[in-house]
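Be aware that the sequence shown starts at 1, since it is given in full-length UniProt numbering, and climbs by one per residue.
Simulated from the structure, these hints should not be mistaken for lab results. There may be inaccurate statements among the hints.
Unchecked claim - Below, simulated SDA-like cross-link-like pairs (lysine to any residue); rule was C-alpha separation at most 25 Å, straight line: (1) K197 x G217; (2) K7 x R126; (3) K7 x Y131; (4) K7 x F128.
To be verified - Label pairs and their calculated CB-CB ranges: (5) T239 x L173: 19 to 29 Å; (6) M190 x T88: 41 to 51 Å; (7) P96 x L34: 45 to 55 Å; (8) S98 x S132: 40 to 50 Å; (9) L11 x W242: 20 to 30 Å; (10) G163 x A141: 31 to 41 Å; (11) A95 x W242: 15 to 25 Å; (12) F245 x L127: 37 to 47 Å; (13) P192 x I169: 29 to 39 Å; (14) A95 x L227: 30 to 40 Å; (15) I133 x L11: 28 to 38 Å; (16) S94 x A231: 19 to 29 Å; (17) K7 x Y90: 15 to 25 Å.
Beta carbons are placed, not taken as given, at the ideal position from N, Cα and C, and that holds for glycine.
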Amino acid sequence: MNLHAVKAIYLFELARTWRTLFQSIAAPVISTSLYFIVFGAAIGGRFTAVDGVTYGAFLVPGLVMMSVLTESVSNASFGIYMPRYSGTIYEVLSAPISAFETVLGYVGAAATKSMILGVLILLTARLFVDYSIQHPFWMVAFLVLTSVTFSLFGFILGVWADGWEKLQIVPILVITPLAFLGGSFYSISMLPPLWQKITLFNPVVYLVSGFRWSFYGQADVPVGISLAMTALFLALCLTAVWWIFRTGYKLKN
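The task is simple: from the sequences and hints, build the whole structure.
Written out as structure tokens, the structure reads:
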């Protein structure tokens, strides 16, 4: 394995984060803090406990997961689209580096940034609410799986997009609505029976449910099913990335 090439891509992508620190880190943390202020303090005071957990604490896993998956898609899609847009992708394609190593560099950097952001949001949440983590190993596992899976999805999106509009259309019209309707702010058990069944078609539900289980031991969906659905989505993304490099689909455009 060409570890020098992987390291070069990885460090270059991470360096972009430090150059745009406010946009990459500060802005998501501030936005999440506003959610805690508005929903946790102002609106949360009107709610009773949800599944035995105060509403403010109930929000923590959902807000972390929502931020992690949206930032994973954004970081990875921009990371691979920008070289294609500027033409520097030819430097990567002509270098002695395999498809696996290329993906490892780009996706690894995007996933790392998302995990750092998730940890920072967890630390910020301590300023607003008290929460516990009953299963720290599984909390980290869900955080890593979500970051890697949606970074792969973002990588696919960045390859598929042939303009800035296409790069934004999926996160805005698909990812964000799924995140808001995936149980980040509520338990799906609070919905009417018909909508509970419809919600189960939303893949984000399984991510949020499993992540929330790692905190409080309670979930809308059995944790085994959450893990299985996350693993299935990861497998689909890996297959799509393999196909992209196998066919060279739009990498040079």
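Structure-based check of each hint:
For the suggested pair K197 and G217, the alpha carbons sit about 22 Å apart, so the restraint of at most 25 Å is met. Restraint check for K7 and R126: not satisfied, since their Cα atoms lie roughly 34 Å apart, outside the 25 Å limit. Taking the CA atoms of K7 and Y131, the gap is about 36 Å. The hint is violated against a cut of 25 Å. Restraint check for K7 and F128: the C-alpha separation of about 37 Å exceeds 25 Å, so the hint is violated.
Separation of T239 from L173 is about 24 Å and conforms to the stated range, judged on CB atoms against 19 to 29 Å. Range check, M190 to T88: about 49 Å between beta-carbon atoms, so the 41 to 51 Å window is met. The beta-carbon spacing between P96 and L34, approximately 47 Å, falls within the hinted interval of 45 to 55 Å. Distance hint check for S98 and S132: the Cβ-Cβ separation is about 43 Å, which falls inside the suggested range of 40 to 50 Å.
A hinted range of 20 to 30 Å holds for the C-beta pair L11 and W242, which are about 25 Å apart. The given range of 31 to 41 Å is respected by G163 and A141, whose C-beta atoms sit roughly 36 Å from each other. A hinted range of 15 to 25 Å holds for the C-beta pair A95 and W242, which are about 20 Å apart. Judged by the Cβ atoms, the range 37 to 47 Å given for F245 and L127 holds: they are separated by roughly 44 Å.
In this structure the supplied range 29 to 39 Å holds for P192 paired with I169, their Cβ-Cβ distance being about 31 Å. Against the hinted window of 30 to 40 Å, the Cβ-Cβ separation of A95 and L227 comes to about 36 Å, which satisfies the hint. Judged by the Cβ atoms, the range 28 to 38 Å given for I133 and L11 holds: they are separated by roughly 31 Å. For the pair S94 and A231, the beta carbons lie near 35 Å from each other, so the given range of 19 to 29 Å is not met.
In this structure the hint that K7 and Y90 lie 15 to 25 Å apart at CB holds, the actual value being about 20 Å.
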